[in-house]
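There are 2 protein chains.
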Amino acid sequence: MATNTQSIRRRGIYLLPNLFTTGALFAGFYAITSAMNHHYETAVASIFVAMILDGLDGRVARLTNTQSEFGAQYDSLSDMVSFGVAPALVMYLWAFSSLGRLGLFAAFVHTAGGALRLARFNTQIETADKRYFQGLPSPAAAAILAGFIWICLEHQYDIDVIKYFAIALTVITGLLMVSNFRYSSFKQIDLKKRVPFIVAIAIMLAIAFVMAQPQTMLFLVFLGYAVSGPLITLTQRKRILSERKN
Amino acid sequence: MATNTQSIRRRGIYLLPNLFTTGALFAGFYAITSAMNHHYETAVASIFVAMILDGLDGRVARLTNTQSEFGAQYDSLSDMVSFGVAPALVMYLWAFSSLGRLGLFAAFVHTAGGALRLARFNTQIETADKRYFQGLPSPAAAAILAGFIWICLEHQYDIDVIKYFAIALTVITGLLMVSNFRYSSFKQIDLKKRVPFIVAIAIMLAIAFVMAQPQTMLFLVFLGYAVSGPLITLTQRKRILSERKN
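Chains as they are written, first to last, in my numbering: chain G, 1 to 246; chain A, 1 to 246.
Everything labelled a hint here was simulated from the structure, so no lab data went into it.
Keep in mind that a hint or two might mislead.
[As the list claims (entries may be wrong)] Here chain A is said to cover these stretches of chain G; the calculated rule only asks that three of the stretch's residues, wherever they fall, bring their Cβ under 8 Å from a Cβ of chain A:
id: 1; segment: 38-46
id: 2; segment: 102-115
[Unchecked claim] Among chain G residues calculated to face chain A with C-beta under 10 Å, some are:
id: 3; residue: 26
id: 4; residue: 179
id: 5; residue: 196
id: 6; residue: 208
We put the CB at the ideal spot given by N, CA and C, even for glycine.
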């Protein structure tokens, strides 16, 4: 029954970063309910909104020095809903309804892959090499599925034609999350460092390029990132092997 | 690049408890997809299966001495799906479809309540009083919603009549999870201690009673547990106040 000052202080939570996390959780939840009401474009857009809010919460916490163990746990549970459950269920509702058990299997591999990825990330947070992620991050896996659905909706592709491709994409992204492939975390990039002027032009062109065809570009960017993991890992392994030979 | 023995050992996970956790996660996921296909009885039964498997994983880990940080994280993410997302979505699909924003609001309060409850539990795991849980545990909240749906299906109650009651139940269980009410964890009960023979008879009667009307009894048991929190807390507060006066 002892209520000391420390336990009182511990009971409070930081408002700002947790607001972003709740926003991300809501966006993920809204994606699922939208797909249930057959509003797939809204569902897909909601997953991207969840990605943006999820990208902000950690940054806001670091900037305002309000990181907390509670925030990290809440963020991880929110990620589970927005990037583990939502993309799998949206995909299931959109393309897998005629596939029975196969669709259930593919969607569950993606969700369970997301859960295993998040649990592993949470337990390796202190020991891991900061420059790389082990396995495809769950927001990137979610973006690939959401981007794919978005492209198909835009071009009105026939679901019956692409459904097996959708199954493959859902299973492969689920497995890439739990793979041992190394993905760049982009944490070496120093945002405060001066860069040549040409970089500003390149960034401008990149944004204009994405904006012209956001669905296709977002999909391709994240697909490229998914492919980069195996490439980086194999190149590094090859280099180590050839160094050992010499 | 240094790969020492410890990091290799850390990479492995314990099979047995994580099998139960994956089973619980699958049951939760299956509950959602069953509800999407309008198989509400299967959905509700799956949530109870998830509860049983979730109750076993921690016990199996303690018995076989295979508790791990990874297992705890994975368990918590699985709980989020099975007890935070699944009951809210099953309820949403079953009763809230005609209610628009109100249904979305109620379902989200339950899911977000589950996320906040799990994040708080994970961060207070070392400091908390083991005899009590702070806030209604998420499996109990899930059981109340699942039990309620099960009773209504069994007796074929008209959804239009009970939908506002369903809304209230969903919101209240969501809020009870994040409340400060204290719930007995039943951890003082020593399962290895000898008890009078009458206890064996009482347990037998209790099981027979539940089996005769499982839906109603499960619902009532968990509803009683949900009500016990405010009662215990108020009684304890009253006692402390009256002790201070004397």
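Structure-based check of each hint:
Closer than 8 Å: that is the beta-carbon criterion, and the segment 38-46 of chain G has 0 residues meeting it against chain A, so the requirement of 3 is violated. For the segment 102-115 of chain G, the assignment as covered by chain A holds, since 6 residues bring a beta-carbon within under 8 Å of that chain's beta-carbons and 3 suffice. Interface hint status for residue 26 of chain G: upheld, as the beta-carbon distance to the closest one in chain A is roughly 6 Å, under 10 Å. For residue 179 of chain G, the suggested interface contact is broken, since its CB lies about 13 Å from the closest CB of chain A, more than 10 Å.
With a least beta-carbon distance of about 31 Å to chain A, the hint placing residue 196 of chain G at the interface is violated under the 10 Å criterion. Hint status for residue 208 of chain G relative to chain A: violated, with the closest Cβ pair at about 36 Å, above 10 Å.
When the structure is compared with the earlier hints, violations turn up for hints 1, 4, 5, 6 and for no others.
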